[in-house]
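Undergrad: Here is what each chain is made of, one letter per residue.
Protein chains: 2
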Amino acid sequence: MGKKVFLGALAAVFLNTAYAAPLKPEDQIRFRKAGYSFMAWNMGRIKSNLESGYNKDEVVKSAAAVAAVSNSGLIALFGPGTEHDIGETKTRVKAEFFQQQDKVKELATAFNKEANELARVVTVGDVGAVKAQFGKTGEACKSCHDKFRTD
Amino acid sequence: MGKKVFLGALAAVFLNTAYAAPLKPEDQIRFRKAGYSFMAWNMGRIKSNLESGYNKDEVVKSAAAVAAVSNSGLIALFGPGTEHDIGETKTRVKAEFFQQQDKVKELATAFNKEANELARVVTVGDVGAVKAQFGKTGEACKSCHDKFRTD
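Chains as they are written, first to last, in my numbering: chain V, 12 to 162; chain G, 12 to 162.
Hints in this document: simulated from the structure, not taken from any laboratory.
It is possible that some hints are incorrect.
[What the hints assert, rightly or not] 30 Å max Cα-Cα, derived DSS-like pairs, lysine-lysine: (1) K116(G) - K35(V); (2) K124(G) - K58(V); (3) K142(G) - K35(G); (4) K153(V) - K58(G); (5) K67(G) - K44(V); (6) K44(G) - K147(V); (7) K72(G) - K58(V); (8) K101(G) - K101(V); (9) K105(V) - K158(G); (10) K116(G) - K147(V); (11) K158(G) - K142(V); (12) K101(V) - K58(G); (13) K116(V) - K116(G).
[Said to hold, decoys possible] So the derived list for chain V, only partly shown, Cβ under 8 Å to chain G, looks like this: (14) A45; (15) S48; (16) Y65; (17) K72; (18) E94; (19) H95; (20) G98.
From the three backbone atoms N, C-alpha and C, an ideal C-beta is built for every residue, glycine too.
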């Protein structure tokens with residue numbers, strides 16, 4: 012077969028298995044940033060509800076979203092080649108993130124615990140309990156940002 | 012008090028209530044895109060698992076993330092001023108999205124139903140059942156993209 016047809020067939024194979032192949036580093040960066048950004052929106056909504064006009068339904072949905080992102084296994088998106096910007100795809104991760112995997116795991120596990128506890132508390136707790144657990148969750152975000160994210 | 016001190020105090024008030032104020036249109040666009048992008052990553056992971064090396068744990072986490080984003084109420088991020096690009100913040104939403112709210116609601120409700128069913132099926136169903144429900148969920152994504160997203 013001609014070269015063009017062969018390349019077309021090859022492209023079709025790759026397109027069909029696009030997700031089965033490891034994601035390109037720039038896509039890993041893009042998707043992990045989407046996850047963090049989506050958590051930020053939801054943490055912001057909870058904060059807003061705690062400040063005024065508490066709407067339990069919105070808080071429950073927001074906390075469930077934060078927990079689901081946290082449970083999703085974002086660590087898979089910090090593969091080789093994702094340590095620094097790739098063209099227009101920027102990352103704020105510090106080099107230390109890739110050198111201190113035990114510390115990363117410790118902070119990620121701590122955040123995951125607080126996020127799941129928040130998702131639980133919002134369904135059963137009063138506003139005071141939600142506020143306290145929201146504070147703990149925010150602190151757990153911050154400990155990782157302080158250590159592993161550039162300003 | 013001096014003008015500088017007053018402005019400082021004002022800034023502090025705004026920073027404290029930043030989340031309570033409605034989000035700026037560019038932030039709404041940014042956050043909704045993060046939500047869709049994060050769902051795309053998770054749909055991609057499920058597809059990859061269905062193609063080879065099915066890992067139930069990963070599929071369950073991915074489907075839970077898709078459902079949580081779908082349940083989160085993304086519609087709040089299509090407020091006034093988010094109908095078109097804002098500087099470097101691009102959006103692919105069509106004008107029709109803002110003119111056909113009944114159709115938007117119909118498609119969003121249909122997608123939400125399939126996403127939650129997927130999150131349920133992955134915990135109890137066999138791979139064939141997951142594949143079928145994944146197909147329905149993907150179709151529900153696509154009906155909305157075809158109607159309301161530019162190429």
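Undergrad: Does each hint hold? Answer for all of them.
TA: Results of checking the hints against the structure:
no., hint, result
1, K116(G) - K35(V), "34 Å, violated"
2, K124(G) - K58(V), "28 Å, holds"
3, K142(G) - K35(G), "39 Å, violated"
4, K153(V) - K58(G), "33 Å, violated"
5, K67(G) - K44(V), "25 Å, holds"
6, K44(G) - K147(V), "27 Å, holds"
7, K72(G) - K58(V), "26 Å, holds"
8, K101(G) - K101(V), "17 Å, holds"
9, K105(V) - K158(G), "41 Å, violated"
10, K116(G) - K147(V), "36 Å, violated"
11, K158(G) - K142(V), "41 Å, violated"
12, K101(V) - K58(G), "27 Å, holds"
13, K116(V) - K116(G), "40 Å, violated"
14, A45, "4 Å, holds"
15, S48, "4 Å, holds"
16, Y65, "12 Å, violated"
17, K72, "5 Å, holds"
18, E94, "19 Å, violated"
19, H95, "21 Å, violated"
20, G98, "15 Å, violated"
In summary, the numbered hints that this structure violates are 1, 3, 4, 9, 10, 11, 13, 16, 18, 19 and 20.
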